[in-house]
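One line per chain: the protein sequences are D and F, in this order.
Residues 171 to 335 (this note's numbering) make up the first sequence, in order.
Residues 9 to 452 (this note's numbering) make up the second sequence, in order.
For the record, the hints were derived by calculation from the structure and aren't laboratory data.
Please note that the accuracy of each hint is not assured.
Think about it this way: if two alpha-carbon atoms lie no more than 30 angstroms apart in a straight line, the pair counts; the simulated DSS-like pairs of lysine-lysine are [stated by the list, open to error]:
1) K245(D) - K308(F)
2) K308(F) - K277(F)
3) K218(D) - K308(F)
4) K218(D) - K277(F)
These are the residues of each chain, in order.
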Amino acid sequence: MMSRAYVPSLTILAAVFFWVGCAADPDITYGLQPLTIESDLANKDRVKTVDQWISILHADLFGTALGTAELYEIKQAFQSVGDQEIAREMLISNFMQQPGVFLPDVTEMNTQTDAFIDATYTRFLVRPPTEAEKTWMRQYIGSNPNLTPELVYTAFALSDEYLHY
Amino acid sequence: MKRRTFLKKSGWATAGAVALPHLLPSGRLFAATGRRTGQHVVMVAFAGGVRLQESYLRRYVDDSQGEPYPGNIMYNLLSGDAPIAKIVYGTGVGGVDPIPALLPTPLENLGTTFAEVSALSAGHFVGMNSLVQGATPGGQGLKQRPLRPTLFEYLRRHGGYKATETWFVGNGIGGSLPLLNHSAHPDYGPTYAGNFFAPTVTFTGQGQSAFSGSQIYHPENELDPMLRMKAFLDQQFAADGSGGFGGGLNNTDEEKEDIKAFMKLMYEKVDSGSVHLPPVTDNGDAATVGFSCEVLSHFKPAFTLVNLGAVDSCHSNFSSYLSALHRADHAVGHLWSHIQSIPEMAGNTTLIVTPECGRNLQPNNILDENDWRSYDHSDENSMRIFSLMAGPNVPQGLTIGGEDNPVGLVTDSMMTVCDILGVMPEVQAAGMVHPGTDSLFNRI
């Protein structure tokens with residue numbers, strides 16, 4: 171049986187433990203700033219003008235800037251076609267047939283698919299692909315023997331995201 | 009039948025009756041209430057500002073230059089003898105050789121002419137808008153889409169016409185012309201737009217270098233996998249629905265491919281010199297009509313608007329104006345002749361010809377090489393135009409009204425198209441056309 175003399179001591183000891191155990195955690199910071207996590211796609215909320223779209227397309231395909239006179243002529247051509255989607259498709263295809271266009275080899279696309287996907291996203295959409303996008307692209311390219319870099323580039327250049335910045 | 013079964017079946021029947029209009033092949037909600045009386049309509053905006061004096065009144069230089077030589081220089085459209093002297097409108101040096109008539113019978117004798125019609129404005133911009141919208145463009149800026157629906161949108165929304173069934177062939181890209189194929193009206197807009205080309209830019213100008221080298225992809229092996237990839241990319245991106253700096257016109261994928269194939273065909277025809285141009289094609293109007301013929305042959309549209317404008321040289325050169333007027337007539341004669349050569353359009357196409365505005369009674373101070381005075385457009389005489397239509401159900405050889413007895417409005421031409429193609433009740437119910445606008449058939 172426990173002696174009566176120990177009871178006050180144990181009560182005090184329990185109170186101390188209870189007090190220490192319920193104390194608030196010290197405010198420790200590690201020098202990191204709060205970061206809001208969001209998609210890479212979310213920031214492109216502005217529509218490119220026709221000038222911007224044509225100029226950027228030329229730069230992406232040829233690696234050179236388009237001359238002012240040539241840009242003006244292409245703009246005029248665009249105005250003469252009611253359906254701008256058709257005008258865009260025709261211009262992209264026209265560019266693709268011209269000498270000097272940067273197009274990777276189809277073998278390169280099929281053998282170094284991951285690198286091709288990364289480079290294409292960076293070239294056209296100015297961002298890396300998400301893992302989901304990369305997985306889909308890898309599977310799609312692998313399962314479509316008719317796909318060429320020209321068709322992939324065309325799809326990217328016609329995409330809604332490419333119309334925005 | 010048990011009550012429960014009856015209620016179940018009648019419930020399904022009611023739901024079906026409500027849903028059925030949504031399922032019409034055209035994608036429209038309900039069938040148009042108007043009666044379609046024709047298969048095809050070609051409307052020529054005989055534009056650029058045509059004085060009634062040199063056109064319907066056939067006065068040549070009689071009341072413009074103080075020279076006593078009246079006469080008809082539009083003998084594909086109008087009947088009457090040509091001027092006997094002071095010939096400057098033809099071909100060759102000084103224009104001394106008139107272009108022979110293409111039509112054995114002038115359209116005036118084949119159809120009904122409204123000898124004097126009232127324009128709504130003395131200017132091109134309002135005039136073109138009144139032909140396209142059936143109203144004046146109140147509040148609409150120069151580089152702005154129409155605020156009220158256009159003829160194309162009325163036809164497509166209320167008549168269920170496909171995009172490639174409605175075409176606007178412009179004589180250029182100036183004057184905000186490319187903006188007139190659809191409005192910014194929230195209930196209409198690009199979903200119901202007409203297709204547009206300005207052929208002298210698209211096919212022989214800047215468009216040739218921008219588009220002619222394009223390749224048509226194989227529909228299954230190339231196009232389909234490319235479009236699937238684009239669809240995936242679009243799915244990943246929450247677009248704002250604007251369609252970018254200029255979206256589509258609700259052409260289906262098949263229509264888009266058809267248009268691209270047509271464009272490629274035109275570049276080939278330009279290269280081989282086989283575009284169906286009028287015999288004399290020495291100005292932009294004639295070329296525009298030549299490519300319009302190609303549009304008609306390829307698409308057989310329900311409605312086509314062809315815009316001319318070379319007569320606007322009258323601001324500074326009256327001789328050039330006469331020459332352009334003569335060629336506009338030549339081009340329209342060629343257009344009508346070509347329509348009759350298309351099996352699907354021959355005999356069931358209505359042609360409507362209407363200038364957008366006239367020109368002044370008094371000249372300005374500019375003299376041309378023949379010392380003839382030029383004319384602007386800003387006075388009451390500029391509001392005097394004519395209108396002519398020919399085709400099935402149009403009374404032949406009939407003239408309505410006369411000089412200083414105007415009948416009808418410039419906006420009637422647009423309503424006549426709606427009438428023929430079966431959407432007039434809906435357009436009238438929408439209540440956005442100029443007051444008093446009516447079908448020309450109701451003016452007869």
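Going down the list of hints, with the structure as the test:
Between K245(D) and K308(F) the CA atoms are separated by roughly 29 angstroms; this keeps the pair inside 30 angstroms, and the hint holds. The suggested pairing of K308(F) with K277(F) holds, with an alpha-carbon distance near 19 angstroms, which does not exceed 30 angstroms. Between K218(D) and K308(F), the direct Cα distance comes to roughly 35 angstroms. Violation of the 30 angstroms bound is thereby established for this hinted pair. Proximity of K218(D) to K277(F) is assessed by CA-CA distance (about 34 angstroms); at most 30 angstroms being required, the pair is judged violated.
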